[in-house]
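Peer 1: Using the hints provided, position chain B with the ligands relative to the given structure of chain A.
For the record, the sequence lines run as chains A and B. When we follow our numbering, the leftmost residue of the first sequence carries the number 1, and every step to the right adds one. When we follow our numbering, the leftmost residue of the second sequence carries the number 1001, and every step to the right adds one.
It is possible that part of the hints are untrue.
[Stated by the list, open to error] Derived pair list, reagent style PhoX-like, types lysine-lysine, alpha-carbon separation capped at 20 angstroms:
1) A:K558 - A:K581
2) A:K301 - B:K1042
3) A:K558 - A:K588
4) A:K570 - A:K581
5) A:K296 - B:K1042
6) A:K233 - A:K78
[What the hints assert, rightly or not] Sample of chain A residues lacking proximity to chain B, with all beta carbon distances greater than 10 angstroms (derived):
7) S283
8) M394
9) P514
For the record, the hints were derived by calculation from the structure and aren't laboratory data. Heads up, the beta-carbon is just placed ideally off N, CA and C, and yes, glycines get one too.
What follows is each chain in one-letter form.
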Amino acid sequence: MPVTSVIPKTNNIALVGNPNTGKTSVFNALTGLRQKVANYPGVTVEKKTGSFSVNSTTFTVYDLPGLYSLIPKSLDDKISTEIIYNHNNDVELSCIVVVVDAANLSRNLYLFTQILDLQIPVVMALNMIDVADKKGIKIDIEGFKKEFNIPVIPLIASKRSGLAELKNTISDLVTNPDISQQKYMPIPDEITKCIGDFRNFVKNGFCESEVSLTARSLRIISSDHVLQDWIDKIDNTKIDEAQQSLAKARKRLLESNQHWSMLETKLRYQWIDEVLKTYVHTSKTDKQSLSDRIDKILTHKVGGLFIFFIVFAMIFQAIFSWAELPMALIEDGTNWLGQMVTQLIPAGALQDMIVDGAIAGVGSILVFLPQILFLFFFLSILEDTGYMARVAFMLDRVMNSIGLSGRSVIPLLSSFACAVPGIMASRTIQNWRDRLVTIMISPFMSCSARLPVYVLLIGAFIPQGSFLGIVSYSALTLLAMYTLGIVAAILVALVFKKFIVRTMPSSSFVLELPAYHRPNLRYTFLQLLERVKIFVTDAGKIILAMSIVLWFMASYPKSDESDTSNSSQKIEQSYAGKIGKFIEPAIKPLGFDWKIGVGLLTSFAAREVMVSTLATIYNVEGADETSGSLKESLKNDRDPVTGELLYSPLTAISLMVFFVLACQCMATVAIVKRETNSWRWPITMIAYMTGLAYLASLLTFQIGSYLGIGV
Amino acid sequence: MTLNDLEPGESAIITTIDDSSNESNYLMELGVMEGTPVRFVKSAPFGDPIEVDLRGYHLSIRRSKAQSILVQKF
Ligand SMILES: Nc1nc2c(ncn2[C@@H]2O[C@H](COP(=O)(O)OP(=O)(O)OP(=O)(O)O)[C@@H](O)[C@H]2O)c(=O)[nH]1
Ligand SMILES: [Mg+2]
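Chain A extracted, bound-state conformation (with noise of 0.2 angstroms):
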């Protein structure tokens, strides 16, 4: 019998594309609702995939990073350029589709013309068409087809024309693939001799196509950055030989006239340029464009500003009324869902286990949901118009005078809701050391947790009356707890910019201003959807577990007389109280005892915990921030040895001075792991919050005693 050898079809085709040019909306329309999200091994940029059938050939697609270069700048591009050329052995890409801003097509042709020469079969598509219309830019896409001899099909991803054509061009082309007609860079023969000995030299161990040998080894010599690269993968025992082949090429370029740095890219844009004069004419329009008139007004010297707080003030306003409710309805879900258990488990360890501790303990982390939901909503809606590059750019000035850049601006402010989603907004900052200062500094900022903290203390101690007359001396003590958050951001980043982190490469500010446009709902709700899984499944992990132990420790041993009246005692009795108990002499400088101490402990489950924790310990039922039993049991509170009062206004200062330093919340760690993956930077990261509130508490209660303020 013959044996018919199958080679395998890989069927895998890659989305490659400039940032924005609507790479994702093309997979959203090619895959619908087939797509998974996944992260990146060892890394946490995030890999789409997805998949469609032509006529029962079902095709893989990724959906890849925006890049503007084969030369790879962050994370992101680095995961883009493996995937394209393949480094891991793990995707063999069958064609790529090259997504093109036809109204920018200067710049993106750069990255397409790169991708032609790495000799893969590539489809070009057009994306934006309407906008170009719009721009007054027409191209003669015949004349593309037959300059670089490859499909091209124009598109509007987000009216879906255009997709039919662009699955079967995709399927055809995977089925016959035909690359020896695709063109490729011209090189002039003068500089393809310069580097021919070289050529050679980089050749060896790679099997490649001669093309796009030819293509590398230009790249290697026009950038040392490129360069170091190579030089850092090659043989050890080669890197001399491939030094002086280098340095050969360069001095035969020099030779001849052609200056080698950046050669790569002269030719490129020089051929992009003959190309775009011979096939693309755009009629002058002299009337500004919307887009360009609702910049003037955005980004105006003084109203930009000002708008850019009203719409910030705004969506803070929405995010805490729109939410309440259904933070309520979590909150009595939460609850419900306890007692059904309760009646379904019989009493005992395990029934407390999986209500107190599991139940309770996600609960009160799911609460959050709604707000890091609507903050993100809002976010993604404003990142989908193009104003928040116009917020970076704004605000660049304010945030390098500490060290970082205007990408920072909004992973920042989002963290006055909740630092979760803060730290996850932090990832378009494309400069790891940037981004890595933005997430250790994101939890200072004073979340929504810490508020019925704050609440039930200024509530309780801070004297009636006000400042001047205007204002009230509790408003006062808020706004000083919130500079205070920002204060310490500021230093801490300078601290870590100048001592810890200054080996990585320092801050800068490139960044495209794209057009305005509408945003697109569906995609931001796909978005959202994505926000939520990795909310709930990653990070829900960690909070699982860590609300079980606070749970253990909180309730265990039992104490011998069962008297369950007391929770008090209960408490006392429990790891956690004697934990509290012990720790008593490290914080009485801080003017705390051991009740505070527990609720320390606690509140790492998530702040306002330290509130129910405070509740239980006074035995008040059914309290929060706002009761006034509470409230009034903490001023009454007395030593039981001395009858003096236990707790001044300074106490309660110095108390919430510890809750804007300290990490207490077991989701920023769970998720500060997720973003930078490793445990390394959340446990500095809580190691170095605690020390710094611990001092600061320290420094609050010790001189306040001494001047004698609030005692």
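Peer 2: Chain B with the ligands in isolation, oriented as in the chain A frame:
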């Protein structure tokens, strides 16, 4: 003159890029190179960074970078 010296709305041609840092190379890949026409759009509310229009798109860079981009008005 440098890119910094242009007034909002003024156009010029890039003549030289004065350093060969990684950032300059990156800018070249974005199409900021000798012979490219640029239009100075505006500077940010606090004076830095600036926004330029080139090759049909808008780009923002810091003044410290723009300092090393030499231009000639036309
Ligand atoms: N007018 C118009 N808008 C489009 C078109 N295609 C996509 N968009 C919009 O352009 C914006 C960006 O699209 P995305 O699909 O997120 O672009 P992307 O290439 O995935 O962006 P990155 O992942 O950030 O690199 C979205 O708001 C889309 O709705 C189009 O053909 N015409
Ligand atoms: Mg995308």
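Peer 1: Does K558 of chain A pair with K588 of chain A here, judged by a C-alpha cut-off of 20 angstroms?
Peer 2: 27 angstroms, violated
Peer 1: Report holds if the minimum CB distance from S283 of chain A to chain B is greater than 10 angstroms, and violated otherwise.
Peer 2: 13 angstroms, holds
Peer 1: Compare the distance between the alpha carbons of K233 of chain A and K78 of chain A with 20 angstroms, and conclude whether the hinted pair is satisfied.
Peer 2: Distance of about 15 angstroms is within 20 angstroms: holds.
Peer 1: Please verify whether K558 of chain A and K581 of chain A have alpha carbons no more than 20 angstroms apart.
Peer 2: 17 angstroms, holds
Peer 1: Measuring Cβ to Cβ, find out whether P514 of chain A lies farther than 10 angstroms from everything in chain B.
Peer 2: The claim breaks: P514 of chain A does not keep its Cβ more than 10 angstroms from every Cβ of chain B (closest is about 8 angstroms).
Peer 1: Given the hint that K296 of chain A pairs with K1042 of chain B, test it: the Cα-Cα distance must not exceed 20 angstroms.
Peer 2: Answer holds: K296 of chain A to K1042 of chain B is near 10 angstroms, not above 20 angstroms.
Peer 1: Take a quick look at whether K570 of chain A and K581 of chain A sit within 20 angstroms of each other, Cα to Cα.
Peer 2: 14 angstroms, holds
Peer 1: Can the restraint linking K301 of chain A and K1042 of chain B be considered satisfied, given a maximum Cα separation of 20 angstroms?
Peer 2: Satisfied, since the Cα-Cα distance of roughly 10 angstroms is no more than 20 angstroms.
Peer 1: Once the closest CB in chain B is found, is it more than 10 angstroms from M394 of chain A?
Peer 2: 5 angstroms, violated
Checked against the numbered hints listed earlier, the structure breaks hints 3, 8 and 9; every other hint is satisfied.
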